[in-house]
Amino acid sequence: MSARAEVVSQRDASVLVRGGLILLAVGYVAILVLAPLGGIVGATARAGWSNVTATLSLPDVRHAYWLTAVITVITVVSTTIFGVLTAWVLARHHFRGRGLLNALVDLPMAVSPVIVGLMCVLLFGRGGWFEAFFASRGIQVIFALPSMILVTIFICIPFVIREVLPVLHEIGVDEEEASKTLGASSLQTFVRVTLPSIRWGLLYGIALSTARALGEIGAVLIVSGSIQGRTETATLYILRAFEERQQPSAYLVALSLAAISIFLLVTIETLKKHKARRVSG
Amino acid sequence: MTEISDEQTRLSEAGRSPAIRVANLTKRFASFAAVDDVSFEAEEGKITALLGPSGSGKSTVLRILAGLEHADAGRIWIMGEQLDNRSVQERQLGFVFQHYALFRHMTVRQNIAFGLAVRKTSKAEQTKRVDELVGLVQLRGLEERYPDQLSGGQRQRVALARALAPRPKLLLLDEPFGALDARVRQELRKWLDQLHRELGITSLLVTHDQEEALELAHEVIVMNLGKVEQIGTSTEVYNDPATPFVAGFVGAANVIRGVVISGRVQFGEQFLGGAGHLDDGSFAHAYVRPHDVWVGRESRNGSSSPGRIERMTDLGWVTKLQVRLPDDQLVIADVPNDKLFGLQTGDAVFVDLRKAKVFEPPGTARSDELSVA
Numbered sequence: 001m002s003a004r005a006e007v008v009s010q011r012d013a014s015v016l017v018r019g020g021l022i023l024l025a026v027g028y029v030a031i032l033v034l035a036p037l038g039g040i041v042g043a044t045a046r047a048g049w050s051n052v053t054a055t056l057s058l059p060d061v062r063h064a065y066w067l068t069a070v071i072t073v074i075t076v077v078s079t080t081i082f083g084v085l086t087a088w089v090l091a092r093h094h095f096r097g098r099g100l101l102n103a104l105v106d107l108p109m110a111v112s113p114v115i116v117g118l119m120c121v122l123l124f125g126r127g128g129w130f131e132a133f134f135a136s137r138g139i140q141v142i143f144a145l146p147s148m149i150l151v152t153i154f155i156c157i158p159f160v161i162r163e164v165l166p167v168l169h170e171i172g173v174d175e176e177e178a179s180k181t182l183g184a185s186s187l188q189t190f191v192r193v194t195l196p197s198i199r200w201g202l203l204y205g206i207a208l209s210t211a212r213a214l215g216e217i218g219a220v221l222i223v224s225g226s227i228q229g230r231t232e233t234a235t236l237y238i239l240r241a242f243e244e245r246q247q248p249s250a251y252l253v254a255l256s257l258a259a260i261s262i263f264l265l266v267t268i269e270t271l272k273k274h275k276a277r278r279v280s281g
Numbered sequence: 001m002t003e004i005s006d007e008q009t010r011l012s013e014a015g016r017s018p019a020i021r022v023a024n025l026t027k028r029f030a031s032f033a034a035v036d037d038v039s040f041e042a043e044e045g046k047i048t049a050l051l052g053p054s055g056s057g058k059s060t061v062l063r064i065l066a067g068l069e070h071a072d073a074g075r076i077w078i079m080g081e082q083l084d085n086r087s088v089q090e091r092q093l094g095f096v097f098q099h100y101a102l103f104r105h106m107t108v109r110q111n112i113a114f115g116l117a118v119r120k121t122s123k124a125e126q127t128k129r130v131d132e133l134v135g136l137v138q139l140r141g142l143e144e145r146y147p148d149q150l151s152g153g154q155r156q157r158v159a160l161a162r163a164l165a166p167r168p169k170l171l172l173l174d175e176p177f178g179a180l181d182a183r184v185r186q187e188l189r190k191w192l193d194q195l196h197r198e199l200g201i202t203s204l205l206v207t208h209d210q211e212e213a214l215e216l217a218h219e220v221i222v223m224n225l226g227k228v229e230q231i232g233t234s235t236e237v238y239n240d241p242a243t244p245f246v247a248g249f250v251g252a253a254n255v256i257r258g259v260v261i262s263g264r265v266q267f268g269e270q271f272l273g274g275a276g277h278l279d280d281g282s283f284a285h286a287y288v289r290p291h292d293v294w295v296g297r298e299s300r301n302g303s304s305s306p307g308r309i310e311r312m313t314d315l316g317w318v319t320k321l322q323v324r325l326p327d328d329q330l331v332i333a334d335v336p337n338d339k340l341f342g343l344q345t346g347d348a349v350f351v352d353l354r355k356a357k358v359f360e361p362p363g364t365a366r367s368d369e370l371s372v373a
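As they're listed, the protein sequences go chains Z and A. For the first sequence, counting from 1, position 89 maps to 89 in my numbering; every step adds exactly one. For the second sequence, counting from 1, position 319 maps to 319 in my numbering; every step adds exactly one.
Bound-form chain A, shown alone (with noise of 0.2 Å):
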């Protein structure tokens, strides 16, 4: 009875299961803890990003659902199947590495169809399933081609074609356009959002460029020094940042240093609200976009902040604008070009810091910790 209830609950859970599950994931290079206890799940068919500064652990985490890299501890399952003791092989997931990482004495042909190969596909099905494939990544030509015959972005194309050729169950990509430029990114980056579109294979996207998470991710795990900071939705990582990390990571960030006072953050003179969170008298920081900050010649309320232009810098169609704040803090505001209304460097102006994030301090748990010992 509890064995036939036990298959029901396992059989219910497999039916909404997701199809990437991580749990508690560590791994230590020596001492060093690369990856500390992270745990996550990514929904099928989407595409996740695992999102980081370098050395934040999002490569190893990575490795690790490959089979490239063994967990010290921690397990993974994927569509419901526990992976942890399969082989890279067994584990039939199309990985995309950085530097493409396509075989060099190979033409596009005979990478693409590799994965075919190596499982005594008929030569008839190679055939059809690489024209398929390249037509899909277009390349269509280019065929003979060995990979130093192409440009970066197509070398990048064909190790997407090569990963897809088996029909993985999902798709790692491990920082797939770190090594292009800034155009060419962009190009992929869109294409990539078109084909996934196509293909809707789930897809964990390892990156540090947080456009590109938000761009592509359905859902965006932020991580930091081996562990998860955040997982959420692009906007609620955005906009809903919750630790000072994720706030000065994703997206850029003032932070205006100041003291809580019955709810408010007071720096100098002046007072942002949103510290209802922290006890009076501890220091707190405040992470205000520079989008948000709004520059004007009046004063717009009782919460606005004089100031004095320091530096305008033209970039098109916005005006970075370095304003100095009355106890010396200097704050980056985004202004659009119609919104300037004349200012010019040295005005003596209004700041208003809107939707801040207030946090207390990094480190102030551990300076505590340390105190102690």
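Excised from the complex, chain Z in its bound form (with noise of 0.2 Å):
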């Protein structure tokens, strides 16, 4: 009878054990991603339509928006080339420095963006190893468009490559090799054979990329000087009208971005589930 009963009692501790780790996890996410999602929401909501009209209408706000986008394209095109690229290199090419080269990839991730501000400004700025070189060209690197996207593009290159090497690796050369012994090229199996098998974690790659480099605020405040109208994107638009008790008009832009990359990486889910129903792999 006793035995039984602590049996039961163990399950009953075990069911316990099982909903209280569930629990943890929903609410762990929930107050730390959905809460403050949720505020922004409800604070853009609470400043009405008249807002949305006003901010949008402003010109820094437009100037910000089209510089970001100018700055996430430029970035994402070129993290995508030389990610999938290098992740090419780096999982099907035994080479001395290998390892040092895999590892440098992750640089980024570990630097701060305010330190790659600074490591730019010593390259490009007055004194810099570089700036006679540009400045001799007519060339404004510092405060200017250039050096925004140079750290932009640094800081987004480890994601095309952390998501495409892994699969390189999982699919193996087999199917690479059987194209080329069918005749293929070698552009025309990286075509037809790799690129096919590598699409989603390229995709989610580049959908983590453009969430990056439109987010990025810490490495672009330092280069770009955040000079109103010119070499403000729309983060420092945020922090500029947060700074000058613009609310409102902060959340909207900040709500923009975050819709967006909350989108894309959805979409990109949604698709993927998607795709794998129907050919199911």
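To be clear, the hints were calculated from the coordinates, so they are not data collected in a lab.
Ranges of calculated distance between the beta carbons of each label pair, as one might list FRET restraints:
id, chain 1, residue 1, chain 2, residue 2, range
1, Z, S185, A, T127, 19 to 27 Å
2, Z, R230, A, T121, 50 to 58 Å
3, Z, G99, A, P361, 44 to 52 Å
4, A, E198, Z, L271, 39 to 47 Å
5, A, T127, Z, L145, 48 to 56 Å
6, A, A30, Z, V33, 44 to 52 Å
7, Z, F130, A, Q149, 55 to 63 Å
Built from N, CA and C at the ideal position, the CB exists for glycine as well.
Combine both chains into one complex, guided by the hints.
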């Protein structure tokens, strides 16, 4: 009798533990992710439609969006192309210094964006190694678009590589070799065989890269000088609007950036699931 | 004048040149020679098997032929054409991989058509050829399936159809049935044999399965540790092994250890013939196949050895007998169940070791070198 009661109480305890853990995980994500998101949605909604039209008609805001778009597009295109290339080299070739390259790829994750900005200033700013070279050709790097793109690319380097590399390892070389024995050139093999195999990892890496480029602020703040209407990106605008007590505008722009990133990630997840159901793999 | 005669020699050679000719192929990985001075020829329209244990270098030879690996030394001719500097694509050889290597994001149809599509063959031609091959490999109705919706055997047949689609000069098969279970392997083996009879395409089959090699191949090249041990027909490598390795690897064999005395191998009080090629007093290993061991209650002739049955395992149609010889060596005999005549475990019997192949113990030559060093 008592033994049976013990068994029951043990089962109750395990149910309790399981329930507790689920609650903890849900609470953790809800409090840290959903609550702030809800807060910003609420604040923007309270500010009303007039805030939306007023904010979006500001020339500074429009310019900030435009600048963020330009930086993001260039960053994503280059980190995609060079990311796939680097992942390919790391996965398919063995060479001296491969381990070092592999470690270097993670560096941008480990270094604070502020430090990235400072390094860029040291290279291209007054008295920097490359300053004379670009100045003599009339190219303004610091406090201008080139440096802003440069630091954003630096920060976004790891995403595509880290998503694509494990997929390349997993699919192995069999299919690529088969393709070549069937007469396909290296380019045909890459386009017809490798690319379709890595496409989900690649898209996910691109989405992460996009989200990170949209949200970048630390490094850009340092190299851009944050000149209103000229080198002010969307995130820099949010910072200024907040400091100037124009909270509703800041919330709206912040929400729009978050929405784009979330939309991208959700779309890719959905596409992937849909495709997986159809092809089952 | 000499030029012409050279040309004539070349032409006459080409006229009877083998489909595949490999000369002195060597490939090293770091300090380890995966392929060590391998030479062989393979006849046109036949299946030739490269047989050996894993690590014997057989797959590396195949991959070098396909152009997937580069040899450090040696030359390759296929249909009389020297291939060493040709790229994988230019060689136009069909390759079938152990793990199928099907394009997982393509349907069966797209997989088979791949080799045609990359060569810019017309759509109509592609469809025609794919339909033809789907019929040939008996996969009609599965054209729109993806590889992961097929069984292992079906996948390998798709892989074969895909390799055959661009009409390759040669078919290279790398352990094609290695990833399949025994039953499917048997089925596919029979099927491949039939397919080969229909198509007559020159094929090189890499396998570690001696039964597969003996059943499918016209000629078998036995490899071990990167070297060729023997080249011959199935009958030759099975019945007349050239080296102790071949005797032990191709088919099961008992190894009887003894000493050579005037052309015979002495073990305990017993003798075995066939050691005329070895010096008196040297050690010898005699290889005897289990089905060549005769077991009976009475001595058949002077060379029968007494023994005692230690263990009997009934395999349905044949019984495996473990017989202990007087000098304590163990012999396995496969005796058909209708030839057992009531033998029991523990019975005292006579064994006759027939068709023994006697070799120097493996490594003898090397131990000499070592002692000199």
